[in-house]
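Q: Starting from the known structure of chain A, fit chain B onto it as the hints suggest.
Here's the letter readout for the chains.
2 protein chains.
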Amino acid sequence: MLLGLTASRRVLSHGHCMLHRRNIKSETTARSAAVDSVLLKFRSICGEDGVSLSDAVREQHGKDESVHRCRPPDVVVFPRSVEEVSALAKVCHSHKLPIIPFGTGTGLEGGVGAVKGGVCFSLRNMDQVLDLHQEDFDVTVEPGVTRKALNAYLRGTGLWFPVDPGADASLCGMAATSASGTNAVRYGTMRENVLNLEVVLPDGTIIHTAGKGRRPRKTSAGYNLTNLFVGSEGTLGIITKTTLRLYGIPEAMVSAVCSFPSIQSAVDSTVQVLQAGVPIARIEFLDDVMIDACNRFSSLSYPVTPTLFLEFHGSERSLEEQVNTTEEITQSNGGADFQWATDAETRNRLWKARHDAWYAAMALRPGCKAYATDVCVPLSRLPQIIVETKEDLIENKLTGPIAGHVGDGNFHCLMVVDPNDPEEQHRVHLFTERLARRALAMDGTCTGEHGVGLGKRTLLCEEMGPMAMRVMQGLKDALDPKNLMNPGKILQPIEL
Amino acid sequence: MLLGLTASRRVLSHGHCMLHRRNIKSETTARSAAVDSVLLKFRSICGEDGVSLSDAVREQHGKDESVHRCRPPDVVVFPRSVEEVSALAKVCHSHKLPIIPFGTGTGLEGGVGAVKGGVCFSLRNMDQVLDLHQEDFDVTVEPGVTRKALNAYLRGTGLWFPVDPGADASLCGMAATSASGTNAVRYGTMRENVLNLEVVLPDGTIIHTAGKGRRPRKTSAGYNLTNLFVGSEGTLGIITKTTLRLYGIPEAMVSAVCSFPSIQSAVDSTVQVLQAGVPIARIEFLDDVMIDACNRFSSLSYPVTPTLFLEFHGSERSLEEQVNTTEEITQSNGGADFQWATDAETRNRLWKARHDAWYAAMALRPGCKAYATDVCVPLSRLPQIIVETKEDLIENKLTGPIAGHVGDGNFHCLMVVDPNDPEEQHRVHLFTERLARRALAMDGTCTGEHGVGLGKRTLLCEEMGPMAMRVMQGLKDALDPKNLMNPGKILQPIEL
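Chains A and B, in that order, are what the protein sequence lines are.
Using full-length UniProt numbering, the first residue of the first sequence is number 1, and each one after it goes up by one.
Using full-length UniProt numbering, the first residue of the second sequence is number 1, and each one after it goes up by one.
Bound conformation, chain A alone (with noise of 0.2 Å):
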């Protein structure tokens, strides 16, 4: 079947990346010094450390905290500009090298893996927090800065950005792959917070999803471009600045821990909640399994049974009727008294532990390796699914903690894996495949926040159907028509 295609595109077909070290070698003189030309063009764009082709920085950046794994990328880049983004970029196309971007490798779908090789695109060097407007709650920023880095930039102005995946992502990151996390039940996900997007495109093209410089708070001027490359996970462009909203820091915040005798009366809680309008800013779900863990990691003492983590925003005053219409419900559905944790430091004790629920999981079973697992569904379904999926676990003999971002539906099970072990890993694997197949029965999504990276090609295609998928195929080949985008992410590979 490879017979009638030109040799470029059968090297690409198959995988390969004339920059590959595994070919330099064996190549002829004159792709020797094919590959000195590009490397030099590179050196000549972000200078002789801006490029690098040691091992241990290109397995760094060939691999985020999942436990997919792929080749490396063939050489790291660094750029210091959107300019200098866009030369290599050109350099790139012009070569048929396939182009990955790297923020902090934090995802969970192997969104960074050099599937084909070709040239990582590590933004780190583009730090700068930019255009900060306080009047008009929005702010530009760099790859290189973090969810964590913006908010201590942020420190003393009065705003804050909310939107918290547990990891410190970049934020350009955070776009890429449509993040949301903890607080996303009031202040919305990367979808709903990302005002304007500067992005380089595959030819070195750069474009402005809403116009340059552009930041009003709504827009109708033609195509939502901005929410396009939001989640488009690396495979249309390269993110290389994020204007966002920003929110005034709330008067108070408490947070607050309540056990339920069951998992259908912390959701049934959950719904009413929402139900009667109460703004909460955060309601985490955790199971018996997932607190014990917490507990055991975390160094506390809360009973091991289904357990909601819940967090109020407001005025003094809107908290209080906040907390007692909560408390009201929760007592009404057989939940136990608030645990309280007003002070900042006990707050952020509570909050830590849930964000080490991942490292909490792992210390289960010391030398194993974590898996997420992330559908969303209709919250009226979530008790059934939450349900059925432990007795999933159970049945199979699977470590899987469930917590859960309940307000909207999504939770994941931990899945801690012996990495030594192809059995369990295999049967991890058709777990997570029922638990996605569960979720898309009961009209939800085999991914509320994570994205389909290289782990979830096959069950989107479920998910979204022929058609639907065709339609994202040819979204790809108008914006990325040579498939140099990180590819083989998101969209299966074309069967040629």
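Note that these hints are calculated values from the structure, not bench results.
In this text, a Cβ means the ideal position worked out from N, Cα and C, and glycines have one as well.
One or more hints might be untrue.
Quick list of in silico lysine to any residue cross-link-like pairs, SDA-like style, CA-CA up to 20 Å [as the list claims (entries may be wrong)]:
1. K212(B) <-> R434(A)
2. K212(A) <-> R434(B)
3. K212(A) <-> K212(B)
4. K212(B) <-> R470(A)
5. K482(A) <-> M467(B)
6. K482(B) <-> R470(A)
7. K212(B) <-> E433(A)
8. K90(A) <-> R434(B)
9. K212(B) <-> R437(A)
10. K397(B) <-> S380(B)
11. K397(A) <-> R365(A)
12. K212(A) <-> M467(B)
13. K482(B) <-> M467(A)
14. K212(A) <-> Q473(B)
15. K212(B) <-> C461(A)
If you want a taste of the chain A side facing chain B, the calculated C-beta under 10 Å gives, among others [said to hold, decoys possible]:
16. V115
17. A221
18. E251
19. P419
20. P422
A: Below, chain B alone, put in the same frame as chain A:
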């Protein structure tokens, strides 16, 4: 330049359509037979009553509420199901006939004009509310369902759909134009409130932008097709179902009116209210000319100075606090005491007066027509742009009272124009272009909520820049390679 084109391409590029009645008599018998064959197919799909060639019906379906006028469609079809829409689209596709979706005709930028003739798909016969999920706060509607019809349907459920552009538009039309209106500052625009769309592509393919029947509150499953079609103004496909997010009806609502000594003080109050984190539901600005017109039209007697109309949603207790904070802020900016509207009747009268601003403006000069500008800028730029715009209006002797969704930075000059005075029309045209460019120079957009349609295609190019426009054209070409879907809207016609 036309010589190299095929006949069919030439026909399209000249804005002719083989169904156009003016052509029929002068065409060959073969052509007439083709026309008859198409109409026969249409009738076989949606019945005798489902196809209209009458002048009155075509005229009615060829215009919206804007001043833009172009030829009406050649034929209007009234499909009753998505299957009929798909079958009709297939006929149009195979005969290269333009397709123009039609909801309620309440658009403001000429979105339904048949620039190239063709077939208007009136969707009013598809008017069912489907799949209300109360516990999940979502509902799916067909394109004939208007926002008022949905809210009437929801009566008694404790839920409502808040996006309110003023007109009783169809919800699928509101999705197509990315509508918003007075409640957007609290509840967002259609972009934030559409969970899924069923869309018929120009070749008749049916897709679901988030997968069939899916309705998770958040998703990271591949490219955001939903938000690509929201705001695409019928140029990419026909929206045949919309799944919407619903909200709990607030326990209490109060409205108030407050007069200010200056535009600056009214806008400063708005910024400070938002900074204080007051979850205000509506905050609408009316300038002195507008409030005067509303007073006359709706028999009110507010002081003729810059004015804010406000609305607060929440529990009784939280309202008290919202109102106190807001009143403190307005008073510190020199605002007068609030005039209250607590009972539903007074509130409705107040908001009817706001929604009737369009007619109040027109009543300033009987016999004239109105055109609404729609710029949106960052909040901090609002005072300057409104002051400069008012000076421009006075200098050019134009009537253009100003009303705005000031919490979003979006405002309208309701231009009242003598339809028999081409010189005045020209002055209005130049004014609206100056206004849009003023907004662009202040990091804003030429359209906050009305869309591009026919009127803002040149301005869109200035706003986005040539490279982003090329991306938009690439998306259009990928989804509608024959340029059949509502041709001539959003994107400039390509010069041939």
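Q: Next step is simple, just say for each hint if it's right about the structure.
A: So, going through the hints one by one against the coordinates:
For the hint linking K212(B) to R434(A), the alpha-carbon distance of about 19 Å falls within 20 Å, and the restraint holds. In summary, the hint linking K212(A) to R434(B) is supported, as the alpha carbons are separated by about 19 Å, within the 20 Å threshold. Using a Cα cut-off of 20 Å, the hinted pair K212(A) and K212(B) is violated, with the two alpha carbons roughly 36 Å apart. Under the criterion of a C-alpha separation no larger than 20 Å, the hint pairing K212(B) with R470(A) is consistent with the structure, at around 15 Å.
Of the supplied pair hints, the one linking K482(A) and M467(B) holds, its CA atoms being roughly 18 Å apart against a limit of 20 Å. Among the hinted pairs, K482(B) with R470(A) is consistent with the structure: their alpha-carbon atoms are about 17 Å apart, no more than 20 Å. Straight-line distance between C-alpha atoms of K212(B) and E433(A) comes to about 19 Å, which keeps the hinted pair within the 20 Å bound. The straight-line distance between the Cα atoms of K90(A) and R434(B) is roughly 37 Å, outside the 20 Å bound, and the hint therefore fails.
Our distance criterion of 20 Å between C-alpha atoms is met by K212(B) and R437(A), whose separation comes to about 14 Å. A C-alpha spacing of about 27 Å is found between K397(B) and S380(B), which places the hinted pair above 20 Å, so the restraint is violated. Taking the CA atoms of K397(A) and R365(A), the gap is near 13 Å; set against the 20 Å cutoff, the hint holds. In summary, the hint linking K212(A) to M467(B) is supported, as the alpha carbons are separated by about 11 Å, within the 20 Å threshold.
Taking the CA atoms of K482(B) and M467(A), the gap is about 18 Å. The hint holds against a cut of 20 Å. Proximity of K212(A) to Q473(B) is assessed by CA-CA distance (about 18 Å); at most 20 Å being required, the pair is judged to hold. Under the criterion of a C-alpha separation no larger than 20 Å, the hint pairing K212(B) with C461(A) is consistent with the structure, at around 12 Å. At a threshold of 10 Å, the smallest CB-CB gap from V115(A) to chain B is about 17 Å, leaving the interface hint violated.
Checking A221(A) against chain B by beta carbon gives a least distance of about 5 Å; that is within 10 Å, so the hint holds. The beta carbon of E251(A) is positioned within 10 Å of a beta carbon in chain B (closest approach about 7 Å), and the interface hint is therefore held. Taking 10 Å as the C-beta contact cut-off toward chain B, the hint placing P419(A) at the interface is violated, the least distance being around 26 Å. For P422(A), the suggested interface contact is broken, since its CB lies about 29 Å from the closest CB of chain B, more than 10 Å.
Of the numbered hints given earlier, the model fails hints 3, 8, 10, 16, 19 and 20; all others are met.
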